[in-house]
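Trainee: Protein chains in written order, with this note's numbering: chain A, 9 to 126; chain B, 459 to 869; chain C, 15 to 495.
Just to be clear, a hint being listed does not mean it is correct.
[Said to hold, decoys possible] Derived lysine-lysine pairs resembling DSBU-like cross-links, with alpha carbons at most 35 angstroms apart:
#  : chain 1 : residue 1 : chain 2 : residue 2
1  : B       : K700      : C       : K313
2  : A       : K40       : B       : K840
3  : B       : K795      : B       : K688
4  : C       : K302      : B       : K564
5  : B       : K660      : B       : K808
6  : A       : K92       : C       : K467
7  : C       : K99       : C       : K338
8  : A       : K44       : B       : K482
9  : B       : K790      : C       : K99
10 : B       : K560      : B       : K463
11 : B       : K808      : B       : K552
12 : B       : K731      : C       : K423
13 : B       : K552      : C       : K375
14 : A       : K83       : C       : K493
15 : B       : K694      : C       : K314
16 : C       : K92       : B       : K560
17 : A       : K83       : B       : K660
18 : B       : K837      : B       : K856
19 : B       : K852      : A       : K40
20 : C       : K42       : C       : K92
21 : C       : K99       : B       : K560
22 : C       : K407      : A       : K81
23 : B       : K731      : B       : K782
24 : C       : K244      : B       : K818
25 : B       : K688      : C       : K313
26 : C       : K302      : A       : K108
27 : B       : K568      : C       : K407
28 : B       : K808      : B       : K731
29 : A       : K108      : B       : K660
30 : B       : K818      : B       : K839
31 : A       : K44       : B       : K700
32 : A       : K89       : A       : K40
33 : C       : K42       : C       : K375
34 : B       : K688      : C       : K302
35 : C       : K314      : B       : K840
36 : B       : K818      : C       : K407
37 : B       : K818      : C       : K313
38 : B       : K839      : B       : K790
39 : B       : K482      : B       : K809
Simulated from the structure, these hints should not be mistaken for lab results.
Residues per chain, in single letters:
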Amino acid sequence: MNDEMTCIVCPRGCEMRIVDGHPAQVIGAGCKRGVKYALNELRCPVRTIASSALVDNGTLPLVSVRVTAPIPKDKIFDVMKVIKKIKLSAPCHVGDVVIKNVLNLDSDVIVTKNLPER
Amino acid sequence: MNTSKDVVIIGAGPAGLAAAVALKKKGVEEITVLEREDNAGGILRQCIHDGFGLTCFGESISGPEYAERFLKQALELNIEIMTGATVISLSQEKCVTITSDKGLIKIQAKTVVLAMGCRERTRGALAIPGERPSGIYTAGMAQNYINLCNLMVGREIVILGSGDIGLIMARRLALEGAHVIGVYEVLPYPSGLNRNITQCLKDYEIPLYLSETVTEIHGRTRLNGVTVSKVDQNRKPIPGSKRGIPCDTLILSVGLIPENELSMEAGVQLDSKTGAAVVSESYETNISGIFAAGNVLHVHDLADQVSLEAERLANGVFEYLTKKRLEAVDIKVVPQKGIRYVIPQHISHKKDFFLSFRVKRPMEDCAVELIQNGQIIMKRKKIRLLPAEMIQIKVPEKSIQDHGEIEVLVR
Amino acid sequence: MEKFDVAIVGAGIIGCAVARELSRYKLKIGVFEKNHDVCFETTGRNSGVLHGGFAYDRGSLKAECCLEGNREFDQTAKELDIPFKRTGKLLVGEDISDYKSLLEVLDQGHDNGCSELRLVSEEEIKKLVPYAQGKYGLFSPLSGIMDPFQYVIGLAENAKLNGVEFFFHERVNKVSRDRSGFIVQSKNKKIESRWLINAAAMGGPAISEMAGISGYRTTAGKGAYIILDKKTGLYLPMPVYPVPNNSYMGVHVTPTVDGNAIIGPAGDEIEDGDDYSVSQEIIEYLSKSASRIWPCIRKKDYIRNYCGNAAKWYDSKGLIYDYKIEIRDDQAPHFINMVNMESPALTSALPLARRAATLMKDRENLHINTSFDPMRIRVTRFTEMSDREREEKIRENPDYGEIICRCEKVTKAEIIQAIHNPLGVNTVAGIKLRTRAMTGRCQGGYCEMRIVKLLQEELGVSEREIIYEREGSYMFSGKVR
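Using the sequences and the accompanying hints, generate a full structural model.
Mentor: Right under this line is the structure:
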């Protein structure tokens, strides 16, 4: 089974191909991270996501958040459901952990913008 | 209120902030950064997705975090950043007129750094025919509304243009529960980075239609549909190929235009290929002491590139301030076959320079050549070159001859 | 039911001019307007030209009113604070047949009272408009350009100041009579009125029929325009028109008071007056046609395009050419019908309004409104002030220092004043037309979000209530969170 993919680790976006086998071979990767990505992508594809959380009394109505580590691709919308329920109070700071270990996926949801009180 | 400064930087986005920090670190004291928004950060404030900082910080962080890294340094270095300050006039003599709620200020600058970024191409500029409903937004506007204003633009989305902003917004809209019907691209290849095709479209099963474009807009009050048509190799609609797509929102990601109104007012010469300033290896424009970097100079793919370019500009500004003028840049750098534009457009032969350029069309198994006086002074083999990816090559001084135009081409 | 003396249907240039004119008298006046503002139909979709009066049949009401309106416009612009420039207008022709037509226009113009109208040579054409192309020319020194939005807004605001009431988003759907006069109804309003004045354009025949005069119908003459960047406007000091005939002025190029250039109009006759679409063919035709008289048109300078639909009235005899202000005392007493108020309506508006008032004065005593104030002052614009004035203004009101629309340099103070406008209207397009915000190169790309935010803050409207222009043109589907 051959699988083609574009690496998303860095902007180069190397076109890679995996040839199945023991061990599987990755062709076209520009670096080691790409190889790791390719192998992972077949077994358990992961992604980082960023979104917004509602804030009370801040200079803006929303603050940007993201996950600290990639989460399984098929859990993206489950994590989004959790993010949609978040209600924070200003002030918010870059790095504030809003949800530790979201859905037990070994990734935190953190605030990514400094938002002062109104 | 009149003052004078060594450096006035117009724009506190990734270019302006990086230039300010680099200059302060070099020991330049009198720096003012002018930002028209109430907060510094520029466009980064609304780019909440990650992918920033891979080169500059070795991590993948969001736009606001990336801006914060520079802002923190700027604060620690005591750099003056005036927010809510709009430059309304820039003269050739480097007099900067600013308005803010505190009044009008004129600053006489020894050097000016243009870091105003770019604006988006609009429906009006494209002259897309049809009715005049609400529900049509450029990708940047939609991004601002969703990420900063807590306003959702619509539910059934068509995106015109596969540039990175359009792709990023496709994902953003899908994450927020909108139905992104498809991304339509007039060229036969995507305009954005391949990684974004994967992580923004394929991941969310959003179809990408190449060689197709929106040829008519429908809806008397709110958008209720668009007509899309296939196009031929000359981008002309193929008769009989049109179909109607019901939707309530059209997002336009159809090009970025460097914002150079102030530059023109100051008499800065523009390059018709970029719509932006003609610059030297030190990023100085034709007006002595006026420099430009970032998207105002040419549209970049990544903020990291912008910051690094601004740091190179800072070297040029520093040299200008200490030596009062820079080396004569008599050697022209000219884009030839297959190359859309080059930056810088002239150089001296007295130092290394950083060449940035883009190809006109996707190319495979090719070679980039720099030819001067009929000789190939540099050659780089490339497996793949895409218009969506800016190419940057450092050209060492020892490779450059002391006279003769340098042609840049790709075979 | 509220009792009025006069009910006016339509708040376009004619309705607002009549309202303002009648507010000089002690009358209770109400104006019904189907849209959310005064300038959304043809009044806000035209060339913005003050016409000279020569392009109309001798002895016509058009010629008479146009000349009158033209001559008094300095005064009108002063009273209502309308941006206006008496630039002159140039007509150009290529060949002998064009020359003969120009001679006819010259003759007609002189007979209509335009004594200053004169032929110009190819050399003079180049002096007047260096980039204009033509071998033969006609120059009208008293023609000009104005801001049509400020004109109709000015009329309406002045009328309101002098006691007129406006009912926006109230399309008249029924007119009937009782003993005391008319009963005029719309969705949320029902009033009694002694007089009824029909200033509706496309909807005019229907109102006329309900009031007792049938037999009219209207179609729409589509007129599409392209707006060009101010950079090209520098090459157009005055409007340049091709050789006209009395029913069609041709695709012309016109500078705006703000420095843009507009190309148009062109389009077909259609039935649906609400169809403001612009086709690819028309855009290409406009560019091609206008380039013959002014070859400065480049796609890269396109800001946007728009379209206006001029109502063309027909009666049993066919197309009506002239203005007609009618009252039929036995058939439909106290009903004044403003029929076929097409171009040059901007120029002719106040003269037409005065003639409507005369029809009233001939039938009853109208008492002067002693507190009538003809002056209206518009919002001070940052762009029109000197640095000194700006400093002072910012000290008075810091919001004048904060630029919201950077392409057109419109400040927060101007936006807020536009939001709190005297007519009480609140669409995004209304703010745009009052301040010029969002009309520049970036078409709101930078400022629209900030304007929306100010609208929400100042008026407390929810996100679903914000509309762009027409009813139903909602901008947002809801909140994100």
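Trainee: Take the hints in turn and mark each one as holding or not.
Mentor: A quick look at each hint next to the structure:
{"no.": "1", "hint": "B:K700 x C:K313", "result": "holds (24 angstroms)"}
{"no.": "2", "hint": "A:K40 x B:K840", "result": "holds (20 angstroms)"}
{"no.": "3", "hint": "B:K795 x B:K688", "result": "holds (28 angstroms)"}
{"no.": "4", "hint": "C:K302 x B:K564", "result": "violated (45 angstroms)"}
{"no.": "5", "hint": "B:K660 x B:K808", "result": "violated (48 angstroms)"}
{"no.": "6", "hint": "A:K92 x C:K467", "result": "holds (22 angstroms)"}
{"no.": "7", "hint": "C:K99 x C:K338", "result": "holds (29 angstroms)"}
{"no.": "8", "hint": "A:K44 x B:K482", "result": "violated (40 angstroms)"}
{"no.": "9", "hint": "B:K790 x C:K99", "result": "violated (47 angstroms)"}
{"no.": "10", "hint": "B:K560 x B:K463", "result": "holds (19 angstroms)"}
{"no.": "11", "hint": "B:K808 x B:K552", "result": "holds (27 angstroms)"}
{"no.": "12", "hint": "B:K731 x C:K423", "result": "holds (28 angstroms)"}
{"no.": "13", "hint": "B:K552 x C:K375", "result": "violated (64 angstroms)"}
{"no.": "14", "hint": "A:K83 x C:K493", "result": "holds (24 angstroms)"}
{"no.": "15", "hint": "B:K694 x C:K314", "result": "holds (18 angstroms)"}
{"no.": "16", "hint": "C:K92 x B:K560", "result": "holds (32 angstroms)"}
{"no.": "17", "hint": "A:K83 x B:K660", "result": "holds (16 angstroms)"}
{"no.": "18", "hint": "B:K837 x B:K856", "result": "holds (14 angstroms)"}
{"no.": "19", "hint": "B:K852 x A:K40", "result": "holds (25 angstroms)"}
{"no.": "20", "hint": "C:K42 x C:K92", "result": "holds (26 angstroms)"}
{"no.": "21", "hint": "C:K99 x B:K560", "result": "holds (34 angstroms)"}
{"no.": "22", "hint": "C:K407 x A:K81", "result": "violated (56 angstroms)"}
{"no.": "23", "hint": "B:K731 x B:K782", "result": "holds (30 angstroms)"}
{"no.": "24", "hint": "C:K244 x B:K818", "result": "holds (30 angstroms)"}
{"no.": "25", "hint": "B:K688 x C:K313", "result": "holds (22 angstroms)"}
{"no.": "26", "hint": "C:K302 x A:K108", "result": "violated (64 angstroms)"}
{"no.": "27", "hint": "B:K568 x C:K407", "result": "holds (30 angstroms)"}
{"no.": "28", "hint": "B:K808 x B:K731", "result": "holds (26 angstroms)"}
{"no.": "29", "hint": "A:K108 x B:K660", "result": "holds (29 angstroms)"}
{"no.": "30", "hint": "B:K818 x B:K839", "result": "holds (17 angstroms)"}
{"no.": "31", "hint": "A:K44 x B:K700", "result": "violated (44 angstroms)"}
{"no.": "32", "hint": "A:K89 x A:K40", "result": "holds (34 angstroms)"}
{"no.": "33", "hint": "C:K42 x C:K375", "result": "holds (15 angstroms)"}
{"no.": "34", "hint": "B:K688 x C:K302", "result": "holds (26 angstroms)"}
{"no.": "35", "hint": "C:K314 x B:K840", "result": "holds (34 angstroms)"}
{"no.": "36", "hint": "B:K818 x C:K407", "result": "violated (50 angstroms)"}
{"no.": "37", "hint": "B:K818 x C:K313", "result": "holds (21 angstroms)"}
{"no.": "38", "hint": "B:K839 x B:K790", "result": "holds (23 angstroms)"}
{"no.": "39", "hint": "B:K482 x B:K809", "result": "holds (23 angstroms)"}
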